[in-house]
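> Here's the letter readout for the chains.
Number of protein chains: 2
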Amino acid sequence: MFFKFIKLAFCCCYFFSVPLSAKESTEFKIRNTDTLQIKSEVSGLEYELYIRLPNDYSENNKKYPLVLLNDTGYSVAVASGIVHLMAGRDIEDVIIVGISYSKGHNPLLSRTRDYTPTYAPNEKRGHSLEVQKYSGKASQYIRFISDEVLPLVSQTYRIRQDKKVFVGHSYGGLLGAKILITNPELFDYYILGSPSFWYDNKAMFRLESDYAKSNKSMKAKVFMYIGSQEGSMVEQMLAFENQLKSRNYQGLSVRSKVLSGLTHHSAFAVLLTDGLQQAVPKQGKGS
Amino acid sequence: MFFKFIKLAFCCCYFFSVPLSAKESTEFKIRNTDTLQIKSEVSGLEYELYIRLPNDYSENNKKYPLVLLNDTGYSVAVASGIVHLMAGRDIEDVIIVGISYSKGHNPLLSRTRDYTPTYAPNEKRGHSLEVQKYSGKASQYIRFISDEVLPLVSQTYRIRQDKKVFVGHSYGGLLGAKILITNPELFDYYILGSPSFWYDNKAMFRLESDYAKSNKSMKAKVFMYIGSQEGSMVEQMLAFENQLKSRNYQGLSVRSKVLSGLTHHSAFAVLLTDGLQQAVPKQGKGS
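Top line first, the protein sequences correspond to chains A and B. Under our numbering, the first sequence has 263 at position 250, and the numbering climbs by one with no breaks. Under our numbering, the second sequence has 280 at position 267, and the numbering climbs by one with no breaks.
By construction, these hints were calculated from the structure, which means they are not laboratory data. No experiment lies behind these values; they were computed from the predicted model shown. A couple of the hints might just be wrong.
A pair holds if it fits inside one copy or across any two, identical chains being indistinguishable in the list.
Below, in silico cross-link-like pairs of lysine to aspartate or glutamate (DMTMM-like), each with a Cα-Cα straight-line distance of 20 Å or less [said to hold, decoys possible]:
(1) K270 x E243
(2) K270 x D160
(3) K215 x E72
(4) K215 x E248
(5) K295 x E243
(6) K146 x D47
(7) K270 x D287
(8) K42 x E59
(9) K76 x E143
(10) K150 x E61
(11) K150 x D223
(12) K176 x E243
(13) K137 x D287
Extracted from the complex, chain A is given alone in its bound form:
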């Protein structure tokens, strides 16, 4: 009787579980990826971390550079495909870590809250005045990255601590600039695409000036990019580059490119391709 029951139970399992699996399997999955759940002790917010490992990760004991992404709605897909093609050929293979928007929240609210450096309830160029009410929590988010995300992924995966790359686009680029003037050594390389330096009456220029008053060093390699079709954002990025260079910070290297013919949204895949070649060129290839 017991065995008969087990057999029937297995039939039921098959009946109930297979359609569920079949349904799940219809979405396109990116190979070599995994998801970690993380609840921030700093903010109480919950996030997912999307990890993409090198193809041969389990076949050796090597450590790999880390590439940290935000805005994972598009960035994980683009970066996974680009790294699949370029790793071992144009660039070193890397471990990609993408931080999701906070679970249960509107992505536009989440990125406004987490990626902007100042509280600016009246900023009309943001996503909406409604989400601007939540703005200005980048410092809290940076503590989440430094105290929780990086320790977790460093404990879980074999990461080279001297080759950590931050990638941010738009508000994500603004976040990267905020990290530079908060804890520049958190990453070794910063790929900042189309940064939103217009935010809150160019707040980042003022925040950088404050940093300069009490700091002589900024140990980081920064690559900034902007599409030539991004209007006043082009000169703002070049002005921020000039402001950084004028400080003669110890340890800082800054380079920028204006990408011909590209817009705010067409620039991302192009700048990521170039930025990875600059930050983690295949050994033997010059930076």
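Position chain B relative to chain A; hints supplied.
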């Protein structure tokens, strides 16, 4: 007793099926995607079709351009991210369809068999002499696309039949050239990246000459790209462009770009960004 059994069976289902689901859910899934299974009547081979629909697909009755990809190990991820960013801003929104490698086969064998135009068992620049034994089945694969893949996706999704875009890179670019001289009107736009025109002693140049002997028209818009770091492949692509232009085919438009500083593998995301802007620019933006 019956209800008790059902309850126990459900417990078992929970016990057995949840870990399975939990395991599956850890891979990164691209939003708005679906997978169709297809067995080719032409070849007997089985494939998967990976579909990415526009965000607002279910909210309207519009028809969308089709973007057909091969080499889906990287192309679906890159294209999904790029389209997520650019759709409705730089380009029209599109339906992406990626054709997998044939199920159960080595991807290198699959792409050598399906994407190459001639049987060339001694071609040493291919993946290996072992997989070259299977080479030269592009005509069969093109029939699979025309007679099976496109009818299936056209029946299943709302596709604009006047805006079908083929994207191919490397051997996939060679396949696109083969489609041009087999059934040019199968697609309206061809984005051919870093095409392998060296294949089989430049067989594609001879095949195109054969086509020219009995055809005066080639109704297609072709955009070819190559990285400036691709050595002799640069001049081969330009030579193929010149050969096409010298025919003065009715209905043919060909343009090409040499992408500065890029290699065979770094060129893809850049050429896809540009190619989509050329083929399906947002209405109001010039091609």
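> Against this structure, judge whether each hint is valid.
We went through each hint and held it up to the structure:
1. Only within a single protomer do K270 and E243 lie at most 20 Å apart by alpha-carbon distance; the minimum there is 13 Å, versus 23 Å between protomers.
2. Taking CA atoms no more than 20 Å apart as the test, K270 paired with D160 passes in neither setting, with 32 Å inside one copy and 46 Å between copies.
3. For the homomeric pair K215 and E72, neither the shortest alpha-carbon distance inside one copy (48 Å) nor that between copies (38 Å) is at most 20 Å.
4. In this assembly of identical chains, K215 and E248 lie within 20 Å of each other by CA distance solely inside one copy; the values are 12 Å within and 47 Å between copies.
5. Taking identical chains as interchangeable, the C-alpha atoms of K295 and E243 lie at most 20 Å apart only when they sit on different chains, with a minimum of 17 Å there against 31 Å within one chain.
6. With identical chains, the CA atoms of K146 and D47 are never at most 20 Å apart, being 33 Å at best within one copy and 37 Å at best between copies.
7. Taking the shortest Cα distances, K270 and D287 sit within 20 Å of each other both inside one copy (10 Å) and across copies (18 Å).
8. Within a single copy, K42 and E59 get their C-alpha atoms only as close as 22 Å, which misses the 20 Å cut-off; across copies the closest is 19 Å, which meets it.
9. Taking CA atoms no more than 20 Å apart as the test, K76 paired with E143 passes in neither setting, with 44 Å inside one copy and 33 Å between copies.
10. Taking the shortest alpha-carbon separations for K150 and E61, only the intra-copy value of 18 Å comes in at or below 20 Å, while the best inter-copy value is 44 Å.
11. For a Cα distance limit of 20 Å, the shortest separation of K150 from D223 inside one copy, 18 Å, qualifies, whereas the shortest one across copies, 65 Å, does not.
12. In this assembly of identical chains, the alpha carbons of K176 and E243 never lie at most 20 Å apart, being 30 Å within a copy and 28 Å across copies at closest.
13. Proximity of K137 to D287 under the C-alpha cut-off of 20 Å is found in neither arrangement, the shortest distances being 32 Å within a copy and 31 Å between copies.
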